[in-house]
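J.: What follows is each chain in one-letter form.
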Amino acid sequence: MSALLVVEDVVKRFGGVAAVDGVSFTLDAGQVLGLIGPNGSGKTTLLGVLAGTHDPTSGKVTLDGRTASGRGAHRAVSAGIARTFQTTRLFGTWTLREALRLAHGERRGRPGWPDEQIANLLGLGDALDRPGASLTSAAQRLAMIALALATGPRVLLLDEPAVGMDGTEAAALAAAVRRAAGELGVAVVVVDHNMQFLMPLADTVLVMAAGAVLASGTPAQIRSDEAVIASYLGEA
Amino acid sequence: MSQVLVNGVFLGCLFAVVAVGLTLVYGVMEVPNFAHAGVIVLSAYTTWSASAAGLPFALAALAGIACGALVSVLTEVLAYRWIIDRPAAAPAVALGLMLILQNVALRLYGGEGRSLDTPYDRVLLRLGGVSLSGVKAALVVLAVVSLLALHLLLSRTSLGRAMRAVAQDREAAAILGIPMRRQYALAFLIAGVLGGVAAIAYAPTFQVSPYMADEVLLSAFVVVVLGGLGSVWGAVAGGLVLGVVEGLGSAYLSPAYQSAFGFLLLVSILVLRPGGLRSTNARRVA
Ligand SMILES: Nc1ncnc2c1ncn2[C@@H]1O[C@H](COP(=O)(O)OP(=O)(O)OP(=O)(O)O)[C@@H](O)[C@H]1O
Ligand SMILES: [Mg+2]
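For the protein sequence lines, the chains are U and A, in the order given.
For the first sequence, counting from 1, position 209 maps to 209 in the UniProt record's numbering; every step adds exactly one.
For the second sequence, counting from 1, position 185 maps to 185 in the UniProt record's numbering; every step adds exactly one.
Okay, chain U solo, but in the shape it has when bound (with noise of 0.2 Å):
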């Protein structure tokens, strides 16, 4: 069986600087993959290639052996691909129900959850009826992962998700992205600083410096390698 998610040597430049020099992957159906790496080694830029935000300078990526980079954000969506934001900054005076419903027509006969189910699993329950800008940054956060689901993705990308989250809250979260994972069969690419949130989540890692891939492997694997320990890990 071949990949779902096919990363072909995918290179980004902005002027001169490469944000993506070269990164190559694949990821199955219900996977969960961390990308982890210094501030600027090009993790938000990569998401940005598979997104559709960002057209490659070279090198492609392919959900089910069709092209899916190059093609605009919006094509993405429809095609299987949601991403969140490393921001938050959510639908200000519409509730996440309203902004939810709009979501349903992305979906084009994807598997996905009802509303209120995958609101309740984000633990976003008593947050649907409430506009966007009165909840709390960690909810607006959840809130924009819903919305991503609700889109009923195929492959997922997380932007620093956890990101001003507690103990309790991140491990909450990393339980919700695993059953989306393991019932939706949803492929997942979560970047994020926080290791305790990350590492258990990971079935494998991907550590990016300076644009490229300096390390892949498991999470214990990438624990104990020693370029990352010394470029990443060692600092954290």
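In case anyone wonders, no lab produced these hints; they're calculated from the structure.
Quantities reported herein were computed from a predicted structural model and do not represent experimental measurements.
Glycine included, each C-beta is placed from N, C-alpha and C at the ideal position.
Where hints are given, some of them may not hold.
[Stated by the list, open to error] Just so you have them, the derived chain A footprint on chain U, three or more residues with Cβ under 8 Å:
| hint | segment |
| --- | --- |
| 1 | 69-81 |
| 2 | 90-104 |
| 3 | 136-149 |
[Unchecked claim] Some chain A residues flagged as far from chain U (calculated, every beta-carbon gap over 10 Å):
| hint | residue |
| --- | --- |
| 4 | 1 |
| 5 | 66 |
| 6 | 126 |
| 7 | 156 |
Take the given structure of chain U and dock chain A with the ligands to it, following the hints.
T.: This is chain A with the ligands only, laid out in the frame that chain U set:
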């Protein structure tokens, strides 16, 4: 008194139609679209020249609206789209576009004012002690119809809901897979149509000239701020309030300061309610 109110409502409808176009564009793209004045000017000239060339007024008006829509979309596709990541550049680009469009009008039609004749020029409606010219009545009708149509579009169609989502939060809209460029172009298309409607509706009472929209644009920006940036119904309410205030001010104090009353109102509202009349801190199109 009631005559003054009626005149105020007429002005208010004009402000509302122009301001709704501005606030829609501001809501989705955060651009202060000064070029809207140029769109109005070119719409008015197109209608004038089509009607001078012998086209029936209704067709000439449609040509003017189509021109407004086209020019408005062009400003987005050729200019604003390219500075979406540099919001600080938007006011300068917008002013530049306004000057360009006014100069296009100047080149094509010259600087002298033209008067736009309509089939309803000489109609005068009387209701009790109040009289309303055909031109003003037509403007009120056009304003109400086009704003109702916009309301239905925004609330009942998926394009409209997507538009509101973009105005609420661009990133969330991106997560939902809404094609942003299509929505930007659509906002400018709607603004252009409203600009064209405004042009045809008020050109007969003023005159068609390259600078015909300058004052209206300023008042409409006052309305946009009054109504809360990005709020369509705020702009409608703000337009009516401003129209009546300017109408009352010029009738009972001095017509020379008509626009000044608007700015006085703006300053007092900003002091009392920094977020505008319908104050919440969020942007929205609804
Ligand atoms: N739109 C852009 N234009 C120009 N340069 C950019 C752009 N986006 C990112 N960069 C540059 O690309 C490099 C990688 O940035 P990126 O945001 O992908 O890093 P990151 O790994 O996500 O960092 P962090 O952990 O701080 O979020 C940085 O040097 C950044 O300045
Ligand atoms: Mg980042």
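J.: Hint by hint, say whether it matches the structure.
T.: These are the hints, each one checked on the structure:
1. 69-81: holds (count 6)
2. 90-104: That given contact holds, which follows from 8 residues of the segment 90-104 of chain U lying within Cβ reach (below 8 Å) of chain A.
3. 136-149: Our answer is that it holds, as 3 residues pass the Cβ test (under 8 Å) against chain A, meeting three.
4. 1: 37 Å, holds
5. 66: Per Cβ check, residue 66 of chain A is outside 10 Å of chain U; nearest 28 Å; holds.
6. 126: 44 Å, holds
7. 156: 14 Å, holds
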